[in-house]
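Asks: Residues per chain, in single letters:
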Amino acid sequence: MTARHAKIVSSLAAVALTTACGGYSEIAIETPIRPTMDVSAFQRVFVAGFISGGSEDVDGNLETTRLLRSQLRTKSSLRVIDADSLPLQDVATEGRPAEQTPPTQVKDEKDLDAYSNLFANVEYWKRIGEEYQQPLIVTGTVLFTPHQRNSIVQREEEVYDSFGRRRVIPVRTYQERKGFVLSPKFIFIDGRTGTVMHSTTAREEILYNANQATPALSSYFELMDRVIPSFLSTLSSQKIKGTRVLLQ
Amino acid sequence: MRTATFVLAGLLALAATPAAADNRGDAKKQVEFGIAVAQKGLWREAIYRWERATQIDPSYAAALNNLAIAYEHEGELAKARSAYEKALELEPGNALIKQNYELFREINDRATRKDSQ
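Quick mapping for you: the protein sequence lines, in order, are chains A and B.
Counting from 1, position 151 in the first sequence corresponds to residue 150 in numbering that gives the first Met the number 0; the numbering is continuous, with no gaps.
Counting from 1, position 54 in the second sequence corresponds to residue 53 in numbering that gives the first Met the number 0; the numbering is continuous, with no gaps.
None of these hints come from the bench; they were simulated from the model.
Given the structure is predicted, the values throughout are model-derived calculations rather than measurements.
Among the clues, some could well be false.
[Stated by the list, open to error] In silico BS3-like pairs for lysine-lysine, Cα to Cα no more than 27 Å straight-line: (1) K27/B x K78/B; (2) K27/B x K238/A; (3) K39/B x K28/B; (4) K27/B x K177/A; (5) K238/A x K28/B; (6) K85/B x K28/B; (7) K85/B x K27/B; (8) K97/B x K27/B; (9) K125/A x K177/A; (10) K97/B x K78/B; (11) K238/A x K109/A; (12) K177/A x K74/A; (13) K39/B x K97/B; (14) K177/A x K106/A; (15) K97/B x K74/A; (16) K97/B x K85/B; (17) K240/A x K39/B; (18) K78/B x K39/B; (19) K78/B x K240/A; (20) K97/B x K238/A; (21) K78/B x K28/B; (22) K97/B x K28/B; (23) K39/B x K27/B; (24) K39/B x K238/A.
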């Protein structure tokens with residue numbers, strides 16, 4: 000067999016192999032995700048409020064309560080109870096000796112730990128449940144704290160060579176960056192029994208260049224945007240869009 | 000006698016080869032039909048076709064891959080995982096099956112994440 004023949008045979012083999020193995024097509028799919036919690040026993044949901052702390056520029060309790068209520072109104076089948084949020088810090092300190100009183104100003108996770116008894120207070124939550132016709136109660140803690148970190152950042156820089164041609168090259172620099180960390184803990188309480196049914200935690204952070212002045216509230220909403228899908232998937236079914244490859 | 004055994008074995012091997020090819024050919028028809036109906040949104044029919052294909056030819060990785068995708072679309076995540084894993088056992092080096100499986104795992108982990116107390 001000449002070299003030419005060998006070349007022809009090998010090209011034919013390559014084409015045959017590609018035809019045999021290359022039959023594929025992309026297809027869009029929507030995967031339904033069942034909610035983590037069975038909320039079929041409830042018709043109503045009461046976002047009762049949160050123990051919050053960290054940055055003084057954002058009222059974590061007020062903003063989280065408002066945001067979750069509005070999300071639940073549009074994205075869940077449960078009826079959202081419109082009522083004032085509960086004075087949870089007062090409830091937590093009620094009847095406790097001074098040395099066991101949790102800190103009124105929450106600065107970090109440790110301060111929040113002192114409130115864990117509040118969420119385990121079955122009698123209190125049962126009473127709240129009776130008051131609001133035994134809904135699913137959503138409560139928990141929200142810590143939104145300023146954060147600072149030095150890290151390597153990549154940016155693009157324009158350079159011109161000796162012929163005046165423009166090129167964009169990546170440049171890595173060590174920068175001081177400032178931002179926020181959002182750490183919410185959502186606690187779901189059965190309004191019929193006052194017991195905790197489920198709890199979920201999250202941690203999201205955002206960093207900006209040190210000279211960039213981003214309002215704390217807009218950072219809070221940006222971070223909550225990332226947390227909300229997982230919060231909603233606890234209560235209601237969702238569809239996740241994606242693409243897969245079908246093979247022949 | 001020994002020669003006769005060899006001849007018989009040879010004949011059997013020859014007879015089995017077209018049978019296997021026939022199986023793959025029949026399974027492939029089911030797979031192709033399944034793809035056509037899935038593209039029209041008829042996923043239940045596609046599942047039926049791809050299940051048939053895997054019954055006809057259990058070593059057909061592409062049929063198992065497609066079946067896994069269809070199960071995913073129907074929210075049957077445990078079945079999808081099992082089908083992907085079988086497909087990858089058959090063709091561990093298939094980059095497209097691997098890619099589908101990775102994407103599936105991302106969703107599956109999210110759906111089954113246990114962060115409750």
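Asks: Each hint should be assessed against the structure and marked as holding or not.
Replies: Taking the hints in turn, this is what the structure says about them:
1. K27/B x K78/B: Holds. K27/B to K78/B sits at ~21 Å (cutoff 27 Å).
2. K27/B x K238/A: violated, 31 Å
3. K39/B x K28/B: holds, 17 Å
4. K27/B x K177/A: Answer violated: K27/B to K177/A is near 57 Å, above 27 Å.
5. K238/A x K28/B: Roughly 31 Å separates the two Cα atoms, so the pair is violated.
6. K85/B x K28/B: holds, 21 Å
7. K85/B x K27/B: holds, 18 Å
8. K97/B x K27/B: This hinted pair holds, its Cα atoms lying about 21 Å apart.
9. K125/A x K177/A: Violated, at about 42 Å.
10. K97/B x K78/B: Given pair K97/B, K78/B holds - Cα atoms ~17 Å apart, limit 27 Å.
11. K238/A x K109/A: Between K238/A and K109/A the Cα gap is close to 37 Å, so the pair fails against 27 Å, i.e. violated.
12. K177/A x K74/A: violated, 33 Å
13. K39/B x K97/B: Since the Cα atoms of K39/B and K97/B sit roughly 25 Å apart, the hinted pair holds (cutoff 27 Å).
14. K177/A x K106/A: holds, 18 Å
15. K97/B x K74/A: violated, 34 Å
16. K97/B x K85/B: holds, 12 Å
17. K240/A x K39/B: holds, 17 Å
18. K78/B x K39/B: Holds - the C-alpha atoms of K39/B and K78/B are around 22 Å apart, at most 27 Å.
19. K78/B x K240/A: With Cα atoms ~19 Å apart, K78/B and K240/A stay inside 27 Å; holds.
20. K97/B x K238/A: holds, 22 Å
21. K78/B x K28/B: Holds, because 23 Å separates the two Cα atoms, which is no more than 27 Å.
22. K97/B x K28/B: holds, 24 Å
23. K39/B x K27/B: Roughly 19 Å separates the two Cα atoms, so the pair holds.
24. K39/B x K238/A: Given pair K39/B, K238/A holds - Cα atoms ~19 Å apart, limit 27 Å.
The structure is inconsistent with the numbered hints 2, 4, 5, 9, 11, 12 and 15, although it conforms to all the rest.
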